[in-house]
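Below are the chains, spelled out letter by letter.
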Amino acid sequence: MSPTVFFVAIISAMLINNVVLLRFLGVCPFLGVSKRSETALGMGGAVTFVMVVGSVLTYLIYYYVLEPFEITYISTIAFILVIASLVQLVEMFIKKVSKKLYKALGIYLPLIVTNCAILGVAETNIREGYAEEFGVMSGLGVAAASAFGAALGFTLVIFAFSSIRERLEAANVPAAWKGIPISLIVAGIMALAFLGLEGIV
Amino acid sequence: MAQKQTAKKGKRKKDLHALAVFTRGIIRENSLFVLLLGMCPALAVTSSLETGFGMGLLVIFVLTLSNIVVSLIRKAIPEEIRIPAYIVVIATFVTIVGLLTEAFAPALHESLGIFIPLIVVNCLIMERANNFASKNNVVLSAIDGIGVALGFMLALMLIGGTREFLATGALAYGVYLPLPLEGSIINAGLTLFQMEVFVGPAGGFIVIGFWLAVFKAFELYNKRKKKEARDRWIEKKKKEAAERKRRKAMESAGGSA
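The listed protein sequences derive, respectively, from chains B and P. All residue numbers for the first sequence refer to the numbering used here, where the first residue is 1 and numbers rise by one. All residue numbers for the second sequence refer to the numbering used here, where the first residue is 1 and numbers rise by one.
Misleading hints may appear alongside valid ones.
Below, a list of computed lysine-lysine pairs in the DSS-like style, where the Cα atoms sit at most 25 Å apart [said to hold, decoys possible]: (1) P:Lys223 / B:Lys178; (2) B:Lys178 / P:Lys216; (3) P:Lys225 / P:Lys239; (4) B:Lys35 / P:Lys216.
Every beta carbon over 10 Å from chain B, so not counted as near; a handful from chain P, in silico [stated by the list, open to error]: (5) Ala18; (6) Phe22; (7) Thr23; (8) Phe61; (9) Leu65; (10) Arg74; (11) Thr101; (12) Leu154; (13) Lys227; (14) Lys245.
Since the hints were derived computationally from the structure, they do not count as laboratory data. Beta carbons: idealized from backbone N, C-alpha and C, even for Gly.
Chain P on its own, in the form it takes in the complex:
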C-alpha cells in the first residue's frame, strides 16, 4: 500500500485509467484508513460484520448514483451554489435507499437507525462529488464511486468483524440481511473469552485505533525498508566512485612515472 503510494508520489501524473481509478479507492486511498473520512458510521454501525456490510452496500448505492448524477449535471450547476446542489442530489438518493431498506431489510433498517439519513453528511460522499465527479465524465465517476465505496465497505467489514469476533467469539450471518440461510461463518466457541465491551462504544474507538496503528506500522516498515535500500544504493555508488577515483589517480601516477 505505502510502497505504491510513495512510488507514485514522485511522478504525480494524472493516470485516469479506469482500472487505476477503481483500485485507487480500495487500497491506496482507502477512505477510512488512509483519508480518515466517514468516521461516524465507521464507529456506529460496525458492532457486527453484517451491519458493516449492510452499511457498505447502502454507501455503494448512494455514492455511485450521486457521482453519476453530479457528473451529468456538472456543467449546469453554477460554481457558487454547487455544495447545496450536491447536498440535494445526495439527500435524494439517501431517502430512496432508506425507503428501500425499510421495505426489503427491516432488521437492517432497525439496527442502522439514524445512521441511514446521516449518510447525507458522510464527508466521503461529499468529497467525491466535489473533487472527482464534478471534474470527470460519467463513466469514470461511476467507476470511482464503486471503487471508493467498496474500499469503505471492506474497511467497515474489517472493523465490524473484529468487534463481533472479540465480543461474541463468532461471526454470524443472516441476522440483519435477508440472506437465504442463517448461521455463522466462524464459531470458535470461545464463550469464556467474550469481551462484551467491544460491541459497545468504547470498543469501536479502540478497534479502529488498533487497525489504524497496524496500517501505520506497515507503512513505516515499508518506508524504512525503502530508505535502507536507497542508503545501500547510495553507499554502493559512493564506493564505486571512490574506487574509480583511486584507479584514475593510480593510472595517472603510473603514467607520469
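Same shape as in the complex, but just chain B:
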C-alpha cells in the first residue's frame, strides 16, 4: 500500500469528516474550554496525544484480545477502561517527567476521559473496517493516521472557535443570545463552511 493512503486518511479525518463540526464528537470541551485561545490549544495538545495512543491501544486490544476470544460485544466496556487508565497513566507520567507540561496540560487530562471524541474515534476505527481492508497490521497505521487527523481537526476547529469567541466577548450581542447561544450559531456557520470541503478526497 502506498503512503497516499495515510495522507488521505489524515486529510479526510481532519477536514472532510471533522470530528466536532460534522461528526458531533467532543462538543462538550469544544463549548467548555474555548473561552481563550491558549487553553484551547492546551486542550488540543492533550487530546491529540491521548487520541492517537488510545486509538492504537484499543485497535490492538480489539483485534488481538477481544476477537480471538469472541467477546467483541464487550468492546465498549474494554475501550472506556483502556482510555480511562491511559489518561491516568499519562497524567502520572507527565507529572513525573515534566512539571511544566503537567501545569500546561494537567487540568485538561481528567476532562479527556469524558470527551466522547476519544471513544468515538476508537469505535469508528473498528467500524470503518481498516483491518479487513488493509490487513490488521497496515490497518493499524491507517487507524493511527485517521486518529491523528481527527485530533488535528479538533485542535484546528477549537482554536479557530476560541479566537472567534474572544472577539465575540467585545461584540454587542442581544442579552438573550450572549454566551452559549451565539457561540452555537457561530459553530453552525463554521459547520456550513466545512460542508463546502465535502468531496475533496
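With chain B's structure known, arrange chain P on it following the hints.
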C-alpha cells in the same frame, strides 16, 4: 422555570421529596437547556423527532438502572476508584441497551450508530451517578434517574421536532421505531419551503442555539418582571415611610404648638 429557580435559590434547603426530585430534572434543572450536559447526542441524533425520542428512551433506561446500581453499591466502593467503578456500571448497561436495540429496533440502531456506545461518556449520566446516586437511597436515585432522563428526552424531542419540521415540512413516525402504524403526526405539505440544511450538522448547532436563546429570553423576562415588582414594592415602602415621618413631624409640631 426561572421564577421557581430564583424563588428557591434564596432558601437553598434540601427538599428531597420524591416529587420534587422528579420534577426538578425535567424543567428547573433540565440537563440540556439549563445545565448544558449531553451536548454531543443532542446535536447528533436529533435530525428527526423520532430519533430524538429513541435516544431519549435509551438514556432513560441506562440512567435509571445505573442510578439504581450505583446507589446500591455506594457504600462498597472506595472513594478513590469510584469513577472507574461508575464507568463500568454505566458501560454494562449501555452494552445491554445496544444489544436490545439491535434486536428489536434495527432501524433505530442503524440511525443512532456510534452514538449508542457513546452513551457511556454522556456527561449527564456520570454527573447523576457522582452527584446524586452516590449520596442517596435507591428509590430516590431511581426517581431522579427517570426525571432527569425524561427532561433530556423532551429536550431531544423538541430539537428533533424543530429540525425535522424545518427540513421536511412534516413530522413522521414509525420510521425508526417498531410502532404499529406508519405515517405522520403533522404534514403541512410545505414542500416549497423545505430547508434541508436543518437536517445536516449546521442545522443542529443553529436550532439548539435558537432554543437556548429562547429559554434565556424567558428567563431574562421573568427576572426583569421580578425586579420591577421588587422595585415597585421598595418604592411603595419608601413612600409609606416618608408619609409616616411627615405625619409624625406634623403631629409633634402640632403638639408643641
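Structure-based check of each hint:
{"no.": "1", "hint": "P:Lys223 / B:Lys178", "verdict": "holds, 16 Å"}
{"no.": "2", "hint": "B:Lys178 / P:Lys216", "verdict": "holds, 9 Å"}
{"no.": "3", "hint": "P:Lys225 / P:Lys239", "verdict": "holds, 21 Å"}
{"no.": "4", "hint": "B:Lys35 / P:Lys216", "verdict": "holds, 20 Å"}
{"no.": "5", "hint": "Ala18", "verdict": "holds, 29 Å"}
{"no.": "6", "hint": "Phe22", "verdict": "holds, 26 Å"}
{"no.": "7", "hint": "Thr23", "verdict": "holds, 24 Å"}
{"no.": "8", "hint": "Phe61", "verdict": "holds, 15 Å"}
{"no.": "9", "hint": "Leu65", "verdict": "holds, 15 Å"}
{"no.": "10", "hint": "Arg74", "verdict": "holds, 20 Å"}
{"no.": "11", "hint": "Thr101", "verdict": "holds, 13 Å"}
{"no.": "12", "hint": "Leu154", "verdict": "holds, 19 Å"}
{"no.": "13", "hint": "Lys227", "verdict": "holds, 13 Å"}
{"no.": "14", "hint": "Lys245", "verdict": "holds, 39 Å"}
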